[in-house]
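Turn these sequences into a full structure, and let the hints steer you where they fit.
So you can see what is in the structure, the chains are spelled out below.
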Amino acid sequence: MNISLLMFLLFIAITLGITYWASRRSAGSSAYFAASRQIKGWQNGIAVAGDYMSAASFLGIAGIIAFQGYDGFLFSVGWLVAYLTVLLVIAEPLRNAGKYTMADVLAYRMKPRPVRAMASLSTLTVSTFYMIAQMVGAGALVKLLLGGYVNYNQAVTGVGILMIVYVVFGGMLATTWVQIVKAILLMSGTILLSILVMAHFHFSFGEFFGAISQVTYHDAKGQQVVKDFLQPGLRYKPPYGPLDLISLGMALIFGTAGLPHILVRFYTVPDAKTARNSVVWAMVLIGSFYIMTTFLGFGAATIVGPDFIKGHGGNNMSAPLLAQALAGNIFFAFISAIAFATILAVVAGLTISATTSFSHDFWTNVIHNGVERKPGEEVLVARISAFVVGAVAILIAIVLGPTANVAFLVALAFAVAASANLPVIVLSIFWRRFNTTGAVAGLTVGLLAAIGLILLSPSLMAVDPPTVVGTARHLIQAKAWFPLENPGILSIPLGFVGAILGTLLSNEPSSQEKFNELLVRSNTGLGAEKAAAH
Amino acid sequence: MANAAGNLEVAQPKQYQASKSTWDEIAASNAFQDLMATKKIFIVPAFIFFVVYYFALPVLVGYAPQFMSIKIGNVNLAYLFALSQFFVAWIIAGLYVRAANGFDRLAKDILDKAENAKGGK
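Those protein sequence lines, which keep their order, are chains Z and H. Here the working numbering is used: position 247 in the first sequence is 247, and no number is missing along the way. Here the working numbering is used: position 96 in the second sequence is 96, and no number is missing along the way.
If you are wondering where the hints come from, they were derived from the structure by calculation, not from laboratory data. Where a beta carbon is used, it is the ideal one built from N, C-alpha and C, also for glycine.
Calculated pairs, SDA-like style, for lysine to any residue (alpha carbon to alpha carbon, straight line, at most 25 Å):
| hint | chain 1 | residue 1 | chain 2 | residue 2 |
| --- | --- | --- | --- | --- |
| 1 | H | LYS71 | Z | SER204 |
| 2 | Z | LYS237 | H | VAL75 |
| 3 | H | LYS71 | Z | PHE205 |
Calculated from the model, a selection of chain Z residues having no Cβ within reach of chain H, i.e. all distances over 12 Å:
| hint | residue |
| --- | --- |
| 4 | ILE161 |
| 5 | HIS200 |
| 6 | HIS202 |
| 7 | ALA325 |
| 8 | ARG383 |
| 9 | VAL463 |
| 10 | HIS474 |
| 11 | LYS479 |
| 12 | ASN507 |
In structure tokens form, the structure reads like this:
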């Protein structure tokens, strides 16, 4: 019996148990969408970490550092520091003034229908792109790890069905606990792996960093090279590298606070103070994890080596291969199962945020003017849309196939969140004059700018050699018009300009009428949604 | 549209409702102005500091790689500066939580007063 398979099945069994338990506590909108707002601060902190640390961070970062050294570590830094924006600016006002989605805050003093429709579109865009990247990654990973047992299509379908089951039956409560279990597993695996890496170097940092300063591998031309992997510039090279790095930083720092699947987590706690504490808990976990990517990434570079990783599944296999090199097949299976758990927890979070937005923002508030026609309709619509979202994600991931060029989708999700969502959230809380036209314009311009610039970037525009085939090829076979992979540096200011111009060019006194109410509510918590009674 | 918002509130009542004049009164009160000023004094500088400190990293790494490659002990300046970001972020978060306890006290007075004026919740 394959040990990896056994551990995968164990994790699935545990999460299905959680879902069964949660399904009996998920009746009613507040229970289904916000886990009755009874999640404790530390629990929500762990769940935020579990929601956030995707396969891109665990497998992706280890891989980028293993191949491109120090520059990869810069992702790790941005992914933590971004939480200061969440903590200082977004989490508490959102919890105080909203109900289930970020659009609750945006629509508060605006005309609700246009604002919610655009906010919902933006949420669905971010969640779907992010989800497809995760699903394709999951399929490729499961196929590599369980090769012989399941193929890519079966793996994608399996992951999709599991996430549908968690969300349809267990709602936010099941999603939360799946994320908590995953975060604990991910942290334990990472700590263990870090200790083993240091043990390999006899617990001497001198020896460890000595090895990092001379990583030997063969470059694209087959030449043997020795590089100092702590040296900046292996990934972000002139002329555009430095600018791309700043642009990436902007998307991370301002995008995290606009990611719908992170924002909905703050509605699951009883009040703003607990939301604040949960961000701090999340920051402790997320920060510790990303510091440890030093050991995962550089460990893989020095102990396993880029040459070996390239020949055994590539980039994303760096962490599992490191585990195998250090402690054999059982540890390989354990780390692989953690990677699988990581993906499942993140896609479940993405699914619930997408379905909450569709059901609460679009169905109830845009189509039916804010009225639930019969009790339970909102939750029913959410369950159906979870099923649809899951099915669509499975189909797209299968059509794209395991070699599809999808890494840019994560960058795109962050860019849309930073360029469309963040400007309008900030302006609606802080700018009295801000109005409906401004909010709709900001969301539209931010969304289009981020997508448009990515379409014209080297991620989608490049000339491939004929050896690259199918969906692995770049979408547009021409030299990129926009030189940066990350559009943030241009699309974020555009989002703000759209929002501000839209406001100044229109006159809408009604949106200022409720500004004081929103200001008082968001800053004091007066009248905030309370936890359901026990 | 105003009708739409009205329907929403009938269907799902908020815990605290008040007229526009009450909200304006609270917003203009000294207690609330105090709260906003106290928040601003901490949040604005903290936000500016962390944004500047963070973007110094990609700017220096991108445009002064030679300088950032200076060796310090076993590692280099680039790695140490990146590592320092984690600790600076944790410290700012810790300071914010301390400051926010003060915000909570100010907010509680406003909450109590508003809810009492309504004759209890």
